[in-house]
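**Q** What follows is the residue order along each chain.
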Amino acid sequence: MIETKNINFYYGNFHALKNISMQMETHTVTAFIGPSGCGKSTFLRLFNRMNDLIANTRLTGECLIDGKNIYEKSIQVDELRKKVGMVFQKPNPFPKSIFENVAYGLRVNGVSKQSFIARRVEESLRAAALWEEVKDKLKKSAFELSGGQQQRLCIARALAISPSILLMDEPASALDPISTSKIEELIYLLKKEYTIVIVTHNMQQAARISDKTGFFMLGELVEFNDTKKMFLNPEKEQTQNYITGRFG
Amino acid sequence: MVLRLNRNPGILSPILNNFVTLFFLFCNIKGLILQRKKLRNFREQEFMDKKIKQKIAFGFFRALSLLVVGILFWILGFIIYNGIGVISWEFLTTAPTDGMTAGGIFPAIVGTFCLIAGSIVFAFPVGLMSGIYISEYAGNGWIIKFIRIMTNNLGSIPSIVFGLFGMALFVNTFGFGDSIIAGSLTLGLLILPLIIRTTEEALKAIPGSYRTGSLALGASRLQTVTRVVLPVAFPNIMTGLILAVGRVSGETAPILFTVAAYFLPKLPSGIFDQVMALPYHLYVIATSGTDIEASRPIAYGTALVLIIIVLLMNLLATVLRRYFGKRVKIN
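Chains as they are written, first to last, in the numbering used here: chain A, 1 to 248; chain B, 249 to 579.
Be a bit skeptical, because a hint or two may be false.
Partial selection, computed: residues in chain A whose CB lies under 7 Å from chain B [what the hints assert, rightly or not]:
{"hint": "1", "residue": "Arg-81"}
{"hint": "2", "residue": "Met-86"}
{"hint": "3", "residue": "Asn-92"}
{"hint": "4", "residue": "Pro-95"}
{"hint": "5", "residue": "Lys-228"}
Source of the hints: derived by calculation from the structure; they are not laboratory data. Even for Gly, the Cβ is constructed at its ideal location relative to N, Cα and C.
Taking the hints into account, I'd like the entire structure generated from these sequences.
**A** Below, the structure written as structure tokens:
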């Protein structure tokens with residue numbers, strides 16, 4: 001379970017996230033929607049501390065995963081990122097073979113047993129619904145795959161180290177409709193074993209795949225509710241306006 | 249004589265003449281076209297004018313770039329023409345004799361290779377690690393700005409100053425004497441900025457998405473650099489090394505006071521021995537040999553060997569680069 005309490009985040013003097021408190025349940029899909037620059041991606045990157053890489057940022061408040069504040073000094077960022085996997089907007093496979101891409105996370109985390117790695121690579125590729133397409137060309141460069149396949153490879157790569165949470169930052173925005181629907185099906189399947197948080201620009205997508213939806217605007221969490229309620233009968237007028245396309 | 253080659257106006261003038269003629273020719277063509285154009289309507293005129301201007305401009309640029317290549321070939325041809333005659337197996341494998349007016353240049357070849365190897369052994373790891381630190385780890389604070397400015401400054405110091413510094417530090421203070429190690433360290437210092445900068449640039453060219461992808465999987469920054477970033481950047485880092493090797497094999501000033509021997513027909517037996525080196529040998533027999541006229545063919549031969557060594561190094565590095573490039577993609 002992910003829980004945030006009074007999160008405030010600053011890029012230099014820019015107040016990017018304003019007092020955000022919310023809870024995300026285990027084995028659910030939570031979608032963040034909102035206009036560009038509203039802070040939804042920034043919020044997502046808090047959970048695996050990717051914002052640490054950006055200079056001159058500041059955070060106040062608490063971000064708890066399974067009850068532990070991940071911004072405490074005792075937390076090892078490497079360990080955290082093993083538990084909280086991430087898939088990025090643009091597919092970013094490494095310039096290595098398909099096999100090595102999936103094995104990478106295991107190798108950097110100290111796994112050296114070949115038979116285990118091979119088994120885990122297959123499991124991950126199956127879980128990412130890519131195994132049948134690539135099983136005969138595992139040694140080939142990952143760049144030979146199509147964009148949609150590359151993105152599923154990146155999902156497999158994230159799954160290989162057995163995270164419990166999967167963060168997805170607009171994972172389908174660079175893909176064609178068919179690849180997008182494959183990714184969406186995949187998210188539906190993965191929900192059984194992982195807690196998924198997804199940022200999306202596409203409201204239909206949020207409506208299709210998520211259990212709960214959070215609507216962000218100008219750094220504030222305007223509304224956070226069950227997806228059905230959110231899209232059928234939102235509580236806030238701003239949400240209604242955004243969803244019906246009156247702005248954004 | 250190689251040193252005189254640049255000062256001789258007689259050799260350059262035909263090319264300069266051609267160049268001037270070419271330019272006037274372009275001007276004439278333009279004049280003719282302007283006359284013809286008056287017959288056409290305005291819009292077409294404008295369009296044609298643009299196209300022709302472009303053609304003339306690019307024709308001019310092309311002529312200039314061809315001129316550069318032409319000069320290069322001309323220098324190469326000049327040296328090959330004058331030097332090929334003395335090149336023989338014996339020339340490459342024996343020591344100079346008769347006051348360096350006869351015999352070969354074997355000790356100088358060996359010496360140059362020693363200096364290349366020595367300076368690379370010293371400068372490559374240091375430069376590589378500094379480049380990695382600057383590009384991947386240091387961020388953008390004042391320390392890093394200071395380091396960057398200082399490395400750039402280091403790169404613009406004249407090589408003779410490096411020679412004097414090397415003599416003061418390595419030869420005298422450290423007590424290495426005139427030796428391969430003193431010369432290699434001096435040359436190493438000289439090429440260090442070059443290696444640091446090319447490493448830095450090669451790493452900077454790698455997309456940030458590789459790094460974030462790797463870090464998001466729980467890899468440390470060091471693992472990210474060694475396993476993802478460096479393998480991709482390696483071919484370009486090799487380019488920096490190629491440039492460095494070219495520089496080392498041709499430099500004379502830094503080895504003048506630190507390693508180079510005027511005449512030393514025997515081979516070095518360790519890193520504390522002096523050696524002869526090709527560029528210095530060339531300088532000696534062209535300016536202060538026992539009989540400059542008699543050793544002139546040997547000077548051309550030496551220049552040719554030096555050029556061939558540099559070209560072979562480039563070739564080797566290109567092959568290595570291709571190999572690494574392929575390996576990176578597949579693995």
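**Q** Which hint numbers doesn't this structure obey?
**A** Per hint list: single violation, 5.
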